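Asks: Model the full assembly from the supplied sequences, consistent with the hints where possible.
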Amino acid sequence: MSAARRCRPPRALAGLFVWHLKGAGTRHIPCQFVHLCRVANDRLITFQYFNFLKRMYVTQYNKDLSQRAKPKSDLVVSPFHEPQQLDQEKKVIHKISPISSVHQPWPETSRRNELREVKSAAETEASATSVRAEPKEDRQWKEMKLRLDELPGIFARLSKIKLTALVVSTASAGFAMAPVPFDLTCFLLASLGTGLASCAANSINQFFEVPFDSNMNRTKNRPLVRGQISPLLAVCFAASCGVPGIALLTLGVNPLTGALGAFNIFLYTCCYTPMKRMSIANTWVGAVVGAIPPVMGWTAATGSLDAGALLLGGILYSWQFPHFNALSWGLREDYSRGGYCMMSVTHPGLCRRVALRHCLALIGLSALAPALDITTWTFPVVSLPINLYISYLGFRFYRDADRSSSRKLFFCSLWHLPMLLLVMFTCKKSVLEKEDKTELLGESHGRAVGIGLP
Amino acid sequence: PPAHSRSDWIGPPDKHSNLRPVIFHVPPEESPLERRLREARQEAQASNQQFWARHNRAFRQEKEEFIYSRLKAKGLEMRDETGQKATLNAEEMADFYKDFLSKNFRKHMQYNRDWYKRNFTITFLMGQVALARALRWLRWKKKNVE
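Here the protein sequences line up with chains A and B, keeping their order.
Counting from 1, one number per residue, gives the positions in the first sequence under the working numbering.
Counting from 1, one number per residue, gives the positions in the second sequence under the working numbering.
Everything labelled a hint here was simulated from the structure, so no lab data went into it.
In this text the structure is predicted, and so the values were computed from the model without any measurement.
Just to be clear, a hint being listed does not mean it is correct.
Said to hold, decoys possible - The calculated lysine to aspartate or glutamate pairs, modelled on EDC-like cross-linking and capped at a C-alpha distance of 16 Å, are: (1) B:K63 / B:E91; (2) B:K117 / B:E39; (3) A:K220 / A:D334; (4) B:K72 / B:E92; (5) A:K220 / A:E333; (6) B:K63 / B:E39; (7) B:K98 / A:E333; (8) B:K117 / B:E43; (9) B:K63 / A:D334; (10) B:K103 / B:E62; (11) A:K428 / A:D373; (12) A:K142 / B:D8; (13) B:K98 / B:E62; (14) A:K145 / B:D8; (15) B:K63 / B:D95; (16) A:K429 / A:D373; (17) B:K98 / A:D213; (18) B:K74 / B:E92; (19) B:K63 / A:E333; (20) A:K142 / B:D14; (21) A:K220 / B:D14; (22) B:K74 / B:D99; (23) B:K63 / B:E92; (24) B:K103 / A:E333; (25) A:K160 / A:D213.
Replies: This is the structure we're talking about:
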């Protein structure tokens, strides 16, 4: 009886010790994670129809960031670093023995329980660190057989489905902004074609980058890296997405859009991907890749490349820089080790200057929109606050050049773009207005001619 | 992997190279084409493993040296009072990252060329093997039907 009584408190104490350790270890992470969630939550109110896409993208990035955001001396253990874990367990043991030595009332049982405490603490610590199911599975040898039920998930990750969704939404924004009556079938065909082309491009990109992806934290869980599918299947998937996608665009929409789509795939897979390892100019090429989808949307609607298309492309081109430069600021170690030539590593000053420059360019481009008759003059006025805000964050990033300013700029860019496009859409110059104007001009011209002639 | 298994097995990421090792299954009726494919994959795996293990080890070592030299310049010790390793913040490490990247540029260019070549060869061989297998299966089906 007394032994039972004596046994129970140590176990409870063990529980307390473990809780204390877990708390101490994860103290750093929740603060940052909560902060990120709070930021994401604030933004949820302002999200519109790009809503759930952004949230998924942001929370996925949150997860990735919180994985990486830990300072080097953090107590939380990454399951992939075994030496660190051994270190961690040693620390765990050190922490337990001084505490348990204080509680002398249970001398003999305490020795036995000390061992049990250590074991249970180590166990729970180990299981606490493998909170996500993935790391546990990752440690085992897996059969390289294709499982059909996993295939949709694998293809989704291969085609970077969330990024593809973003690309399709920018293309549909381009379509919506075109000054023509809305054609639903054309819109759907264009969106589908763009989505398929984007899937193909992303798959080829992953096919090329297997060993590099395995070495970077952000990308090490991709399907080809984990051997879930063979490279052959990835290429076949890319071909079976790309060919129908481009064919759909060329035949179902118009040849110009198809050509732009094919060109974009080529630019992304054959120019941007290899260039990432050769020169920092890859960022500019990548910005063009990001700028082409809205141009495609516009040409799908109108069939021609007007100033409006180029302006939309220009806005997206400028947006890419604060977005990507801020993102790459936190990945410098991985880029350096992986051999990627990025501005943030080799020319940090340029990196920040370019980001700021393009934030300011966004203001200029927004002012250009009404001049080109795409939107009314309310657009630059309404968009000025958000453009000024991102420019302010760009300036802070330029001046401070630290992790927090880069993160702020990145997260701002995530909601800034959909808001800007939405405001642009609401300020779109209505087609009827323009028709009326041309009618009036036609009439007055006719009158003038009538007066001129005797 | 179990002895009776007829497929390849892939394991957890290697400690040094972060690449996942693959154990290839050698079927008894392996054709010359399939053998070429398997050997190409094994060779690529070995070469990748060697490159990245060496590269990552060099990175870790040079990083340690850099931190040590910087800390010494600042007059600090490698470990502080609590026994944890002292580290530099991201801005101070930036110089090291830039340096490391430019030092290893040519090595990476060479590796890129090799990797792309190997990747294409292996994928092309996989295509050939898949085609050969499909033809074999069709021929077998036709024989069974007759």
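Asks: The structure should be examined with respect to each hint, and the outcome stated for every one.
Replies: Hint check results:
| no. | hint | result |
| --- | --- | --- |
| 1 | B:K63 / B:E91 | 14 Å, holds |
| 2 | B:K117 / B:E39 | 15 Å, holds |
| 3 | A:K220 / A:D334 | 11 Å, holds |
| 4 | B:K72 / B:E92 | 14 Å, holds |
| 5 | A:K220 / A:E333 | 15 Å, holds |
| 6 | B:K63 / B:E39 | 36 Å, violated |
| 7 | B:K98 / A:E333 | 9 Å, holds |
| 8 | B:K117 / B:E43 | 13 Å, holds |
| 9 | B:K63 / A:D334 | 13 Å, holds |
| 10 | B:K103 / B:E62 | 12 Å, holds |
| 11 | A:K428 / A:D373 | 9 Å, holds |
| 12 | A:K142 / B:D8 | 9 Å, holds |
| 13 | B:K98 / B:E62 | 13 Å, holds |
| 14 | A:K145 / B:D8 | 8 Å, holds |
| 15 | B:K63 / B:D95 | 11 Å, holds |
| 16 | A:K429 / A:D373 | 7 Å, holds |
| 17 | B:K98 / A:D213 | 20 Å, violated |
| 18 | B:K74 / B:E92 | 12 Å, holds |
| 19 | B:K63 / A:E333 | 10 Å, holds |
| 20 | A:K142 / B:D14 | 14 Å, holds |
| 21 | A:K220 / B:D14 | 12 Å, holds |
| 22 | B:K74 / B:D99 | 20 Å, violated |
| 23 | B:K63 / B:E92 | 12 Å, holds |
| 24 | B:K103 / A:E333 | 15 Å, holds |
| 25 | A:K160 / A:D213 | 14 Å, holds |
Hint compliance for this structure: hints 6, 17 and 22 are broken, all remaining hints hold.
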